[in-house]
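2 protein chains.
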Amino acid sequence: MKKAIVLLSGGIDSAVTLYLAKKEGFECFCLIFDYGQRHRREIRSAIKIAQSANSQWQIIKISLPWRGSALLDKDIIIPKRTSEATNKRTKCIPSTYVPARNIIFLSFALSFAEVIGAEAIFIGAHTQDYSGYPDCRPEFYQAFRKVITTGTKLGVEKKIIKILTPLIDKTKAQIIRCGKKLNVPFELTWSCYQGDRFPCGRCESCYFRMKGFKEARIKDPLKIGTDTNLGLK
Amino acid sequence: MKKAIVLLSGGIDSAVTLYLAKKEGFECFCLIFDYGQRHRREIRSAIKIAQSANSQWQIIKISLPWRGSALLDKDIIIPKRTSEATNKRTKCIPSTYVPARNIIFLSFALSFAEVIGAEAIFIGAHTQDYSGYPDCRPEFYQAFRKVITTGTKLGVEKKIIKILTPLIDKTKAQIIRCGKKLNVPFELTWSCYQGDRFPCGRCESCYFRMKGFKEARIKDPLKIGTDTNLGLK
Chain G
15 MKKAIVLLSG GIDSAVTLYL AKKEGFECFC LIFDYGQRHR REIRSAIKIA QSANSQWQII
75 KISLPWRGSA LLDKDIIIPK RTSEATNKRT KCIPSTYVPA RNIIFLSFAL SFAEVIGAEA
135 IFIGAHTQDY SGYPDCRPEF YQAFRKVITT GTKLGVEKKI IKILTPLIDK TKAQIIRCGK
195 KLNVPFELTW SCYQGDRFPC GRCESCYFRM KGFKEARIKD PLKIGTDTNL GLK
Chain R
15 MKKAIVLLSG GIDSAVTLYL AKKEGFECFC LIFDYGQRHR REIRSAIKIA QSANSQWQII
75 KISLPWRGSA LLDKDIIIPK RTSEATNKRT KCIPSTYVPA RNIIFLSFAL SFAEVIGAEA
135 IFIGAHTQDY SGYPDCRPEF YQAFRKVITT GTKLGVEKKI IKILTPLIDK TKAQIIRCGK
195 KLNVPFELTW SCYQGDRFPC GRCESCYFRM KGFKEARIKD PLKIGTDTNL GLK
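So the protein lines, in turn, are chains G and R. This note's numbering puts the first residue of the first sequence at 15, with every later residue one more than the last. This note's numbering puts the first residue of the second sequence at 15, with every later residue one more than the last.
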């Protein structure tokens, strides 16, 4: 059975990506990163999602002794969402950007892929909804593919490890519809940048989730102001 | 003062690279990786070298839950050196190759560089002596530079972080001569793949060190079979 590494965050995008990888016949090995994010809620979600898909998973603990992002540093306030128009006008990269995060995650995935002989790495990045994360753009993934062919043993031996971004051009609504068809357990996912008991409903990530479900005309099993714990301790 | 990140391993190459970076007027921030290597001797050496150059340093602890390299896995025997002719003929990548190691290290350096506003990352990789590490070749560094311009905030803002490999085309003898001129404290460096009290004198890394000093006509302060502890506890 062909093997794939799947980067799993606990959010909707990576959950749908995992289910897509399984549908394509891959045996999936999920990597879940504990990188000092503000809350551990999304890690617990990621584990539940991997288990729901009967996939192997492991947590990679990374110590980043520096901060520099609202997602790592509790002294930086998580911004309320700004309008897409404002984001497009200012071309602003949000304070929730974590420097080189996806590059670090992909590097670990690549190392693991070489060791177990996986032929693909799946990552649920996409450009449509999020405003301005540079490491969610196709040109970045194209550049990283070149790193694989030049900087790894398998690349030199012409055995390519593919970086697959099946959601790259999809909107949140399209991703949610796709997940619905694949029976992705949305109730296990977590999107909110805060790690409270309930999604805050004010951060950019909550906004895009709500907007996505609304546009997809699907009911989100997670509700703001409702107990969304759903067995996640 | 312009800032640089220097990847410091405890060996000769990265020590010379640090001293070169300082000579070029950079304030240096050394990253030392504790990635589960077979011995901690080289980490202690790296700290001493950073201190000798009055540079800041920090240890990044990485857990790689997979093995796949003789440098990580004590069950894999460190190979004795094979002749360069054999290496060139077989184009073999040694079992001491750690999958995606330099890619992981550079990713962390990049994250740190973005946070502190460093304009360069120095790495002491070179192609001349080591036989077959794919992540020591110029084409890999070229590919990684493209990752920076496409996948980071600074890259998108056209503020480039340079990846500098000042030793890339140098032989070990040239590196040692260069280090001698810069007063690099070779007695603090550690090259041997084993972490015993004395360098083993049999592994590839010991061989290249001995050959380098011989060709440079410089006496190595570390001697095989002599107490080389030199204050490194």
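No lab work stands behind these hints: they were computed from the structure. Possibly wrong hints are sitting among the right ones.
Since the list gives no way to pick out one identical chain from another, each pair is judged satisfied if it fits inside one copy or across any two copies.
Each computed DSSO-like pair below joins lysine-lysine, with the alpha-carbon atoms no more than 27 Å apart [claimed, not checked]:
| no. | residue 1 | residue 2 |
| --- | --- | --- |
| 1 | K167 | K184 |
| 2 | K37 | K233 |
| 3 | K195 | K17 |
| 4 | K16 | K237 |
Computed from a prediction, not measured in an experiment: that's the story for all the values here.
Verification of the supplied hints:
no.: 1; hint: K167 / K184; result: between (33 Å within a copy, 23 Å between copies)
no.: 2; hint: K37 / K233; result: within (24 Å within a copy, 62 Å between copies)
no.: 3; hint: K195 / K17; result: within (23 Å within a copy, 51 Å between copies)
no.: 4; hint: K16 / K237; result: neither (37 Å within a copy, 49 Å between copies)
Comparing the model with each earlier hint shows a violation of hint 4 alone; every other hint is respected.
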